[in-house]
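K.L.:
Line by line, the protein sequences are chains A and B. Each residue of the first sequence is one higher than the one before, counting from 1 in our numbering. Each residue of the second sequence is one higher than the one before, counting from 405 in our numbering.
Rather than coming from a laboratory, the hints here were simulated on the basis of the structure. All C-beta atoms in this analysis are idealised placements derived from N, C-alpha and C, irrespective of residue type, glycine included. Among the hints, erroneous ones may be present.
[Claimed, not checked] Quick look at which bits of chain B chain A covers, simulated, 3 or more residues with Cβ under 8 Å:
# : stretch
1 : 435–442
2 : 464–471
3 : 488–494
4 : 504–516
5 : 521–531
6 : 587–598
7 : 615–621
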Amino acid sequence: MTCKRLFCLLAGITAVLASTAAWSAEIHGRSSTQFAWFNDIFTGNKQAEFGEYLNLSVTKLDAAGKLSFQGYGRVTDDIRNGEGINGRLYYLYGDYSNLFDRVDIRLGRQFVNYAAGSALIDGGKIDLKNVGPVGFSVMGGRNVFFDLNGEATRSRDFAFGAAVYLNGYKNTDAELSYFLKLDNDGVARDQLGFSAKQYWNSFKGYVDTRFDLPSETFTELLLGVKYFPLADLVLTAEWYQSYPTFDSTSIYSIFAVDRYQETLVRADYTVNDKLSVNAGYTRQFYGEGNDASDVVELGCRIRPIDTVLLALNYDHNNGYGGNLNGGTAEVTYTPIKPLDLAAGFQYDVYAFDRSTGDETARKYWLGGKYRLARDMSASVRVEDNVNAQYKSDWRGRLVFNYDF
Amino acid sequence: MKRIVLILALLGFGLVCLQQRSYADKKMSHAEYAKMAIRECNDCHKGEGVSPNHDADFVRGHRVLASRAGNNCSQCHAQAWCLDCHQGGGSGDDLSQGNAGRDYKPKSHRSGWLQIHPIKAQDNQQQCYRCHDRKYCTACHSKLPQTGLKSLGFVSHRNLNTNTAADQVWGSEHGREARRNLQACQTCHEDGSVCKNCHSTKSISGGGVSPHPRGFKAGNYKDRSSGKVCLQCHLPGTF
Numbered sequence: 001m002t003c004k005r006l007f008c009l010l011a012g013i014t015a016v017l018a019s020t021a022a023w024s025a026e027i028h029g030r031s032s033t034q035f036a037w038f039n040d041i042f043t044g045n046k047q048a049e050f051g052e053y054l055n056l057s058v059t060k061l062d063a064a065g066k067l068s069f070q071g072y073g074r075v076t077d078d079i080r081n082g083e084g085i086n087g088r089l090y091y092l093y094g095d096y097s098n099l100f101d102r103v104d105i106r107l108g109r110q111f112v113n114y115a116a117g118s119a120l121i122d123g124g125k126i127d128l129k130n131v132g133p134v135g136f137s138v139m140g141g142r143n144v145f146f147d148l149n150g151e152a153t154r155s156r157d158f159a160f161g162a163a164v165y166l167n168g169y170k171n172t173d174a175e176l177s178y179f180l181k182l183d184n185d186g187v188a189r190d191q192l193g194f195s196a197k198q199y200w201n202s203f204k205g206y207v208d209t210r211f212d213l214p215s216e217t218f219t220e221l222l223l224g225v226k227y228f229p230l231a232d233l234v235l236t237a238e239w240y241q242s243y244p245t246f247d248s249t250s251i252y253s254i255f256a257v258d259r260y261q262e263t264l265v266r267a268d269y270t271v272n273d274k275l276s277v278n279a280g281y282t283r284q285f286y287g288e289g290n291d292a293s294d295v296v297e298l299g300c301r302i303r304p305i306d307t308v309l310l311a312l313n314y315d316h317n318n319g320y321g322g323n324l325n326g327g328t329a330e331v332t333y334t335p336i337k338p339l340d341l342a343a344g345f346q347y348d349v350y351a352f353d354r355s356t357g358d359e360t361a362r363k364y365w366l367g368g369k370y371r372l373a374r375d376m377s378a379s380v381r382v383e384d385n386v387n388a389q390y391k392s393d394w395r396g397r398l399v400f401n402y403d404f
Numbered sequence: 405m406k407r408i409v410l411i412l413a414l415l416g417f418g419l420v421c422l423q424q425r426s427y428a429d430k431k432m433s434h435a436e437y438a439k440m441a442i443r444e445c446n447d448c449h450k451g452e453g454v455s456p457n458h459d460a461d462f463v464r465g466h467r468v469l470a471s472r473a474g475n476n477c478s479q480c481h482a483q484a485w486c487l488d489c490h491q492g493g494g495s496g497d498d499l500s501q502g503n504a505g506r507d508y509k510p511k512s513h514r515s516g517w518l519q520i521h522p523i524k525a526q527d528n529q530q531q532c533y534r535c536h537d538r539k540y541c542t543a544c545h546s547k548l549p550q551t552g553l554k555s556l557g558f559v560s561h562r563n564l565n566t567n568t569a570a571d572q573v574w575g576s577e578h579g580r581e582a583r584r585n586l587q588a589c590q591t592c593h594e595d596g597s598v599c600k601n602c603h604s605t606k607s608i609s610g611g612g613v614s615p616h617p618r619g620f621k622a623g624n625y626k627d628r629s630s631g632k633v634c635l636q637c638h639l640p641g642t643f
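One chain only, chain A, in its complex shape (with noise of 0.2 Å):
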């Protein structure tokens, strides 16, 4: 319901803010009107649905340009199941940055990402700037997340974080960052994280990792190296761990887990504008044991002529779990300029284990977006999966979008 509110309010700033003449603010967004139709896995039942999209920029509210506001949220309404108005406000909030050429404030529902955990509050968040090599941040408010019928916040769900990182070396990025959660029963997550990336010529070393206080464990960890000996050829190396990681408030946070670990090697090369190929291997690692999993990722995109582009994946997973192999194959074709066609094929073969034996799933896809004006364009995408669960299941959506 308050999530009703907040997108009714959005709404409402759209219309008197544009009904303002005399204003001088400027005023940018999309709206975003859907039909979506559907199978809800959830529920079993064949969904219909109507859907507003509407995402909203107002800048230039003061001489200097410092004050803005933004919001996104959507409102959709079942007209088959009887299940009405759902809605999501995905933020809602005013920017005022450059205060005293030091400091950035940001106030409402905002997604805050750091490197030690990411949230999506209502409440605050404030950097400091250009006082020195290192910048500072610090954010709190009420931790918002949703399920599936909307917002799940409950009354004692709070997000709170504080970063210091490194500001205005070109070669170097640093982070290091406190993430705070609460919920009903106590402190759910604290964890602190470090994010870190250098350059040296034709190299790229990065770390990314967060430390769980409760259980003092490095839940995830990950050291990578990227070569690039020509602008256009990345070859990446990176090795990752992680440990399960639960709420301190769940009963599920008192049980020893094994470390999962992942070494990957991969290429990436854009031979000219007409292909680009890439190809990866990935060795998996379970527990203390013996098992892992082979994973080889291969793909490429080529372009024929200027209005045709088609791109290929494929992938192949065997091991620990089970065996995958499938891929996607895409088509995109723009005959005339204001008008896109694509299509798509996915298929894969997988068994959980050798006590089952192999199954498909394929998927048919097909879409068209036209430009209407330079400011407005409909597209449909509709599709139709094969697989274990149905022999046929037809879904889409239709979009008109208007850019203001």
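For this one, chain A is given, so just place chain B on it according to the hints.
P.N.:
Just chain B now, kept in the frame of chain A:
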């Protein structure tokens, strides 16, 4: 205490000294290039040691780029660009974007994702929760039948309740499978009550088999939940 004050003083002094520097080599804003084709980035970056970072590996690798406070993602992207995937969207018109259903689907969720996701969910345990709350999994899994889970690949659940040998398989396998993918347990057994049957010191069977890891930091969990999480398995005053 003196040592901490000394360290803080040194850090403060260092910051003051560094502030005297000119940060002329600040990273430039890329806002004016926001609408440029990605392939044209190399027109400037060629030979500068800045790898193309919006390549075919972007979906997997963008977390490192985006996870620093003060990053420059916002110079080109509004938050909607992130949230259309991470919180369910969206209002874009990219035809290759899977948009059947109420929310967008990332490219990894291809073909019959419902069918193949048990294999993908064995990978990095953190991956699913970057976009989904655990209740998203529970919403479906809690409706699954409590028998016949052979097709989901759990060795420990094979033939459970159908023959007497099943208990032996359960006993030897469930611990190994749970340690590797405990989040999979939670998707069906949301409150862990089935675990407590044997692992709780309060269990009727008198189990009390400790599920804690070696070096378990019991005090950390007790402090954070005011003992609530401990009381699920231990009597007051016994932990």
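K.L.:
The structure should be examined with respect to each hint, and the outcome stated for every one.
P.N.:
Okay, the hints, checked on the actual structure:
1. Counting residues of the stretch 435–442 of chain B whose CB lies closer than 8 Å to any CB of chain A gives 0, which falls below the minimum of 3, so the coverage claim is violated.
2. Coverage of the stretch 464–471 of chain B by chain A holds [criterion: at least 3 residues with CB-CB distance below 8 Å; count 5].
3. With 5 residues having a beta carbon nearer than 8 Å to a beta carbon of chain A, the stretch 488–494 of chain B meets the requirement of three or more and the stated coverage holds.
4. For a cut-off of 8 Å, the count of residues in the stretch 504–516 of chain B with a CB near a CB of chain A stands at 7, and the three-residue condition holds.
5. Coverage of the stretch 521–531 of chain B by chain A holds [criterion: at least 3 residues with CB-CB distance below 8 Å; count 8].
6. Here's how the stretch 587–598 of chain B fares: 5 of its residues keep a CB closer than 8 Å to some CB of chain A, so the rule of at least three is met and the hint holds.
7. Judged by the Cβ-Cβ criterion of 8 Å, the stretch 615–621 of chain B is covered by chain A as claimed, because 6 of its residues qualify and three suffice.
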